[in-house]
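Hey, can you work out the whole structure from these sequences and the hints?
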Amino acid sequence: MPRVAVIGAGLIGRSWAIVFARAGWEVALYDAAAVATDRALAMVTDGLAELKEHGLIDDAKAVAKRIRISSLLEDALDGASFVQENAPEMLDNKRAIFADLDRLASPDAILASSTSTIVASLFTEKLKNRHRCLVAHPVNPPHLVPLVELVGAPWTAPEIIVKAKAIYEAIGQVPILVKREIDGFILNRLQAVLLSEAFRLVEDGYVTPQDLDKTLKDGLGLRWSFMGPFETIELNAPGGIPDYCQRYGPSLSHLSAANPAIYSGENLDRILAHWGKPLAPDHVSTRMRWRDRRLAALRVHNRSQPTG
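Residue numbers (my numbering): 1 to 308.
Hints were generated in silico from the structure; no laboratory data involved. Fair warning: there could be bad hints in the mix.
With a cut-off of at most 35 Å between alpha-carbon atoms, the simulated DSBU-like pairs for lysine-lysine come out as follows [unchecked claim]:
hint: 1; residue 1: Lys94; residue 2: Lys163
hint: 2; residue 1: Lys217; residue 2: Lys277
hint: 3; residue 1: Lys165; residue 2: Lys217
hint: 4; residue 1: Lys179; residue 2: Lys165
hint: 5; residue 1: Lys277; residue 2: Lys179
hint: 6; residue 1: Lys179; residue 2: Lys217
hint: 7; residue 1: Lys163; residue 2: Lys61
hint: 8; residue 1: Lys126; residue 2: Lys163
hint: 9; residue 1: Lys179; residue 2: Lys94
hint: 10; residue 1: Lys179; residue 2: Lys128
hint: 11; residue 1: Lys65; residue 2: Lys163
hint: 12; residue 1: Lys65; residue 2: Lys52
hint: 13; residue 1: Lys165; residue 2: Lys126
hint: 14; residue 1: Lys128; residue 2: Lys163
hint: 15; residue 1: Lys52; residue 2: Lys165
Structural data, given as structure tokens:
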């Protein structure tokens, strides 16, 4: 079985241990703070029991047996072909731990950081084997929310990104590639804009916090749970994305204080080139029926769940 070293036994580290063990990897879980590892296995066991309860794993005990606690960093890294680091979100900490990882891990091991805010170039620049380092930013908790943002430093080898992407896909995650470093990566930048506008709307007296939350969970969030914004707008205008942009681009740019040019011209052409062939009218109708069935199923599921 492949072996992974999960460095940091906090909430994210424990969740990563579940992800890798669930996929058949041997997991060595290490934390410099003994108090974290003391309770880690019990919390992992609880998490596995919940997965089994919901039918997401068959044998919680078998998965748990693939996870062990390491009291020494060297022991955790022994034989590991992949390292998932989850140390506290402080630059000095990242530099120190990655210096140790680069020195102690197998030369062929990939070193990935779960950091949510710090780009890899800030803590890997001086490492001997910096080419094998990258950010792999998950969404909390990764054993339930599969997205992973892969962000290399300027010196990260392309084949490392390719290999990391294949590994995350193989263990059941959904990796996306961030083409170059940017503060906050992708998810947090989207979240920051939405949260900032939510706070402004409440602060200026337009809506209560409770009603704003309903706007997301009973409105936008229903579609966004299985479609992204581009797929959403493709089905919201007869002519797809370009039609939507022509109809609503000016008002959207006005509401967001964005440059209207982002909805037209060269920028729109680039988006369409990446997006691919526009849907034919009959395919649009098929996709709309698919969307509506998914929404209906989601409404039924939501009604069956406790409210608190």
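Now for the hints, and whether the structure bears them out:
1. Only pairs whose Cα atoms come within 35 Å are accepted, and Lys94 paired with Lys163 is accepted, the gap being roughly 22 Å.
2. With a CA separation close to 31 Å, the supplied pair Lys217 and Lys277 stays within the 35 Å bound.
3. Distance check on the hinted pair: Lys165 and Lys217 sit about 31 Å apart at the alpha-carbon level, within 35 Å; holds.
4. For the proposed pair Lys179 and Lys165, the alpha carbon gap of about 13 Å is at most 35 Å, so the pair holds.
5. A C-alpha spacing of about 23 Å is found between Lys277 and Lys179, which places the hinted pair at or below 35 Å, so the restraint holds.
6. For the hint pairing Lys179 with Lys217, the CA-to-CA distance comes to about 30 Å; that is within 35 Å, so the pair holds.
7. For the proposed pair Lys163 and Lys61, the alpha carbon gap of about 29 Å is at most 35 Å, so the pair holds.
8. A distance of roughly 23 Å separates the Cα atoms of Lys126 and Lys163; the hinted pair therefore holds under the 35 Å criterion.
9. Restraint check for Lys179 and Lys94: the C-alpha separation of about 22 Å stays at or below 35 Å, so the hint holds.
10. With a C-alpha separation of about 23 Å, the suggested pairing of Lys179 with Lys128 holds against the 35 Å cut-off.
11. Taken as a hint, the Lys65 and Lys163 pair is honoured in the structure, with Cα atoms around 26 Å apart against an allowance of 35 Å.
12. A C-alpha spacing of about 15 Å is found between Lys65 and Lys52, which places the hinted pair at or below 35 Å, so the restraint holds.
13. At roughly 24 Å between alpha-carbon atoms, Lys165 and Lys126 fall within 35 Å of each other, so this suggested pair holds.
14. Straight-line distance between C-alpha atoms of Lys128 and Lys163 comes to about 20 Å, which keeps the hinted pair within the 35 Å bound.
15. For the hint pairing Lys52 with Lys165, the CA-to-CA distance comes to about 27 Å; that is within 35 Å, so the pair holds.
Against the hints set out earlier in the document, no violation occurs for any number.
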